[in-house]
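Novice: Residues per chain, in single letters:
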Amino acid sequence: MEAVVETRGLTKRYGRTVAVDDLSIAVRPGRITGFVGPNGAGKTTTMHLLLGLASADAGEALVQGRPYRALERPLTVVGALLDARAFHPSRSARSHLRWLARSNGIPGGRADEVLRLVGLSTVARKRAGAFSLGMRQRLGIAGALLGDPPILILDEPTIGLDPEGMQWLRETLRRLAAEGRTVFVSSHQMGELEDTADHLIVIGRGRLLADVPVSELIASVSGERVEIRTPEAHAAMRLLAGVGATPVSSGRDRVAVEGLPAHRVAELLASRQIRLDELRTSRATLEEAYFRLTRDAATHSAGPVAAERSLA
Amino acid sequence: MTRTLLSEWTKLRTQRGALVALVMTGVLMVGFSAFFASEQQTDTRFAGDDDLVQFGLMGIAFAEIAVVVLGASLITGEFGTGMIRTTLIATQQPLRVLVAKATLLSVLVLPVALAASAGGFVIAQELLRDNGYAPPSYPEVSLTDPTAARAVVGSALLLTAYALTALGLGTILRHSGATIATGVGLLFLPLLFLGTFPVSFARRIEQVTPLAGFAIQSSGDRMLSAFDGRSGMAIQPWAGLGVAFVWAFGALAVGYLALRLRDV
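These protein sequences, in sequence, are chains U and X. Everything in the first sequence is counted per the numbering used here, starting at 38 for the first residue and increasing by one. Everything in the second sequence is counted per the numbering used here, starting at 4 for the first residue and increasing by one.
For the record, the hints were derived by calculation from the structure and aren't laboratory data. Where hints are given, some of them may not hold.
Unchecked claim - In silico contact screen, one side only, chain X against chain U (beta carbon under 7 Å); selected entries:
1) M4
2) R6
3) L9
4) T94
Where is the CB? At the ideal position from N, CA and C, for every residue including glycine.
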């Protein structure tokens with residue numbers, strides 16, 4: 038698979054702060070790539086650089102191997118959602134999409150099509166200024182889909198969405214990725230992408246921290262953990278420690294075990310006839326993995342703030 | 004380029020504020036030209052001293068505020084909402100966007116301003132005659148007189164230049180309030196200074212600020228007879244209008260550079 042969105046040694050400074058620091062990433066088609074990092078990590082700046090809205094101090098940002106500014110009819114190549122408030126308040130949703138369509142020679146009828154796609158047909162002629170944040174996000178996504186582009190770059194599309202909207206967005210993104218499109222989605226909340234993204238690019242203070250499949254990231258941070266409940270906690274712990282596992286008491290009759298798969302724990306206890314009332318396995322959540330990864334890079338706790346520009 | 008023009012036209016068509024400002028330009032031009040004319044009384048001591056052509060186009064002092072608002076509204080709203088990013092993602096060349104906006108702005112302002120200048124002029128001449136501006140001291144002036152025609156067409160062009168200046172300023176300043184304040188200040192502050200500075204400096208103001216454009220309204224040998232009593236043109240009519248357009252294109256050029264070099 039060839040990367041269709043990539044950066045090489047990308048660097049962007051604002052004054053003395055380095056917002057994006059020698060960042061090299063590659064985003065591939067056919068899957069959802071999450072772009073995560075704490076606020077101020079440089080996600081928005083990276084996306085702006087990819088879209089030619091900001092110019093890099095060093096390195097390059099490429100779309101289909103070319104700078105965004107060199108694309109012909111760019112909306113048919115990349116669909117972008119940047120800021121959900123970016124509409125003229127008095128213009129209707131339909132008029133907004135129409136001027137956008139015109140700029141790239143997209144037929145006006147496509148505006149109504151994407152409005153239907155995002156479920157805004159009934160409010161197509163209403164002022165966008167009266168829309169809720171969730172509706173604005175849908176309108177923004179409609180704008181991104183306008184040119185039926187093979188690449189989607191979405192900055193924090195989940196902000197303001199209600200649970201139903203989140204569900205809709207997940208399904209939409211999965212469908213788009215399944216169609217072979219490249220879906221690049223940023224979020225500062227890892228949990229939101231846990232069930233959605235296939236691959237993750239994690240950045241902190243403008244630097245790349247991880248570029249891995251979601252499953253691998255979780256595994257890299259924490260192995261499987263088994264929790265058991267038994268009235269004979271002491272005996273169980275002695276037994277498990279004896280085979281090389283690391284049991285930790287986590288309550289009067291509870292023990293947490295690391296370093297041994299669940300079925301081995303059950304077998305061992307059964308062989309000594311230690312009563313087992315409950316056994317469950319738990320995995321580190323993506324959130325935990327993310328916290329461990331970004332702890333050192335968190336801009337809030339250490340060093341100068343690598344400003345992800347707040348774009349009012 | 005056609006696509007960008009069509010796109011910007013769709014934007015403009017669906018932006019209520021801009022349409023209101025365009026209508027206001029016409030209304031203010033006609034209304035205040037008539038109002039000034041109805042208030043202007045002849046002074047028999049200086050019979051024949053007033054410039055009837057210019058007196059018929061005084062509404063420009065208010066219409067220019069409306070065109071500044073209009074010119075600014077074409078771009079500052081986009082900066083205010085962040086929509087400028089969507090615009091520049093769709094059309095990556097800032098030059099195209101700015102040229103499209105400037106073209107549409109001119110195409111809209113010019114005919115409206117021309118109709119309003121002509122209409123206001125005709126009404127104003129009637130009212131001036133009622134106020135004693137009559138032959139023999141004041142021969143009748145009509146739209147077909149060369150100086151009157153020049154003043155009417157020139158006023159429409161001057162309003163277009165001011166609108167373009169505001170568009171350029173808005174692209175530089177990226178803020179509605181700041182742009183309107185700067186634009187209106189640029190047009191009115193020189194007027195305030197005219198009376199307070201020595202004559203030589205005042206003439207310089209009339210030559211180099213956008214105010215120079217008012218020379219196109221003169222049919223006599225004085226530039227702003229309503230504001231200063233000095234005789235002699237500080238700058239010739241078409242040259243004055245040219246200065247106003249230098250300001251317009253200068254503001255647009257700096258605006259383009261700002262759009263090109265500064266991140267949005």
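Novice: Report the numbers of all earlier hints that the structure fails to satisfy, in ascending order.
Specialist: Violated hint: only 1; rest satisfied.
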